[in-house]
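Chains as they are written, first to last, in the working numbering: chain C, 1 to 558; chain F, 1 to 232.
Careful: at least some of the hints might be erroneous.
To be verified - Below, a sample of chain C positions facing chain F; criterion: calculated Cβ distance under 8 Å:
#1 D355
#2 A359
#3 T381
#4 P445
#5 A449
Bear in mind the hints are in silico, worked out from the structure with no lab data behind them.
Heads up, the beta-carbon is just placed ideally off N, CA and C, and yes, glycines get one too.
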Amino acid sequence: MKKAPTRRLALGIRAQLLLVLTVFLAIPWLGYEYVRELERFLRDAQERTLAGTAQAVATALHDRPRLFEVAPTGGQALVTERGPNEVAPTVPSVVPPPPGPAAASARVPDIEQIIQGLSRTSARIWVVNRDLDVLARAGSLKGVRSAASADVALPRVWAWIDREWVHPLYALFLQQPTDDFSEEQGGRILLPAREIDGALAGILTVERRPTPDGKAVIVSAAHPIWVGDQVRGAVIVEETTNAVLAERNRAFERLFTIVLAALLIGSLALTIFASRLSSRIRRLRDEAEAAIDEQGRVRGDVVPSGAGDEIGDLSRSFASVLTRLAQYAGHQQNMASRLSHELRTPVAVVRSSLDNLRATPLPDEARVYIDRAQHGLNRLTHILTRMTEATRLEQSLGRGSVGERERFDLVAVVAGCVDGYRAAYPAKSITLRVPDGEVRVDGAPELVAQMLDKLVANAIEFATGDAPVVVSVERGDDQVRISVDNEGPALPDAMSAQLFDSMVSMRSDQGGEPHLGLGLYIVRLIAEFHGGRVAARNRDDGRGVVVTVTLPLAEADR
Amino acid sequence: MSRRIAIVEDEPAIRANYADALKRHGYEVATYADRRGALAALSTRLPDLALIDIGLADDIDGGFALCRELRALSASLPIIFLSARDSDFDIVAGLRLGADDYVTKDVSLPHLVARIAALFRRGDLLSAPPSVEDVTERGPLRVDVKRLTAYWREHRVDLTLTEFWMVHTLAKYPGHVKDRDALMRDANIVVDDSTITSHIKRIRRKFLAVDPAFDCIATVYGMGYRWNAKDA
Chain C
1 MKKAPTRRLA LGIRAQLLLV LTVFLAIPWL GYEYVRELER FLRDAQERTL AGTAQAVATA
61 LHDRPRLFEV APTGGQALVT ERGPNEVAPT VPSVVPPPPG PAAASARVPD IEQIIQGLSR
121 TSARIWVVNR DLDVLARAGS LKGVRSAASA DVALPRVWAW IDREWVHPLY ALFLQQPTDD
181 FSEEQGGRIL LPAREIDGAL AGILTVERRP TPDGKAVIVS AAHPIWVGDQ VRGAVIVEET
241 TNAVLAERNR AFERLFTIVL AALLIGSLAL TIFASRLSSR IRRLRDEAEA AIDEQGRVRG
301 DVVPSGAGDE IGDLSRSFAS VLTRLAQYAG HQQNMASRLS HELRTPVAVV RSSLDNLRAT
361 PLPDEARVYI DRAQHGLNRL THILTRMTEA TRLEQSLGRG SVGERERFDL VAVVAGCVDG
421 YRAAYPAKSI TLRVPDGEVR VDGAPELVAQ MLDKLVANAI EFATGDAPVV VSVERGDDQV
481 RISVDNEGPA LPDAMSAQLF DSMVSMRSDQ GGEPHLGLGL YIVRLIAEFH GGRVAARNRD
541 DGRGVVVTVT LPLAEADR
Chain F
1 MSRRIAIVED EPAIRANYAD ALKRHGYEVA TYADRRGALA ALSTRLPDLA LIDIGLADDI
61 DGGFALCREL RALSASLPII FLSARDSDFD IVAGLRLGAD DYVTKDVSLP HLVARIAALF
121 RRGDLLSAPP SVEDVTERGP LRVDVKRLTA YWREHRVDLT LTEFWMVHTL AKYPGHVKDR
181 DALMRDANIV VDDSTITSHI KRIRRKFLAV DPAFDCIATV YGMGYRWNAK DA
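Between the sequences and the hints, there should be enough to build the whole structure, so can you do that?
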């Protein structure tokens, strides 16, 4: 059967399912949003922690005015510099020594001692006085190793894959925490900033700022140190967001890896499932297509599937549809023969009545009508015989009651037949072209003769002009071609394939012999019975038609 | 005493027409519409000849069954199948059951009467001495037109009427090709080409059963059949 020519969008089930699967791409996006939320949360927590640390350090330094009575030496390294972009003067401000006992260093060992105890590994703590002199510093922003890849006990292979493939892959589009950032002056000095100003004004302030090279973000919290009701200094706790970033990345990687793996496995499973599904459907389609040939006859069977699902159902209903179709086709095929059978009885009634009538004394004028009735009856009988011919042939070919196949000389059969046709159609000349020697074919010679009868009768009927009908036999390597060529009207293009179907006739009704369009159908049946085929085409000069039957040679002669 | 013919046919019009025609020719006719009625009546008194339709109303193969039953009652009762069917299959099946002849309903009444008469004649004359003029001899073949019997090398070849007439037609003019129309005309049958073919095949088989070397009936493709003369 021909496939539907209008296929707008050829998407297989697999492609469609994969398309549906794209809906699940929303899951990574949801995960992304979730991780962003997590990150925000972690940042808040970090800020709170830093603020808490600052507060704790400050609490330890509250109301200890003695600690702030040490005057800095004014050493350059300890002088706070203003950043070049700051509004404040860029010149290093030389802070006048505070009153009180002189100290050897601005760094106050007591404070150092206190904050050492409070310092966290990942944070840097400064203590400054009102003049922004650094009184103490502890900790470093760098040197915190993220424990991202070491925490999960993965199998070694996965760990390797994770390290060698997954991680680098994510590194392409996730910002990686790095210690490789630079600070002004290497972080040895403290830059004045809003949070310090805020702290010195008595307010706990948390700020974040990127490093100058943009590789990291530093969160810093400043807490005032009170002595009585005076702000005497500030504690500044700084930390990079690297830990948060690492945590975020880790969450991101794990989420993405899991989601991607799930998606991959899901699509794989769906693809396999869809492939199975579509292969079952395709098999069903192929079976259904093979079951019915070009002429719409039921040729084969769909083996009903035992599967309990809808495709199994479809297959079973296909099988039953085909069975019913075959029954219907069989019913139709038998129609002609049953019809003729049914008609034969009334015809016999008429015939026997006419015969009886003839035996009784009748006036002459009545005999004329009896003769006419008899004539009409004979034609009717002829039609009935023709009607059953094809069906009978089909039945006997199908039942194998044609008798054993024999090996016979095709040339002798064709030549004999043509002799007969010359006698039967004296008005038309028939040319015979056969090769020398025998051309042996396995089959039934009387069927081949019957086939030739139909071909030649057909050719002679369509032949116009004086050109002879040419019957030729050509021997090929493993097959033989029998052609019947007549001059006459060309075939309409669309008809040449259907010409050999049952009940297809090209003749315009011109009276005479009845045409049921069964002749060439019989030719096809016989050709197919011999394992051959038949084709009709217009002659190259367009002024005639050639019908060619191709039969396989007897096996020994190939 | 006139001969008694039983007609078993489910179609009343045909039954009546055939009965009328046969009565006109002097036969006594008994008609039956179904198998059971026919068997009941015929088993008490056998007719001289039975004309049986294969399909009897709803009983599709009722005629075949009736033939079997009648044949069981009498081995010599002439039985003719009359049928609308003319497929090879039905003919072979009918003849295998022991019918003497098989005619389709296309047969004309004069033909039918002629066949019935011929069957009776064969029965009558089978025992009587043959008269020379009725016998055609072609080498090993001897055909007795009166008795409608054929012998090959002195062996009786058991032919049906149709087959007998075909053999007769072919053997009458050895070497002449008889086309299908001529064979049909002489055998008083109207069948299609393929049925003629199967008749010929059956005839060949019957001769071959008597003499495996038999090859006198030649097929002339596209034309018909020919009797090849053969010296004894």
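Hints breached by this structure:
none
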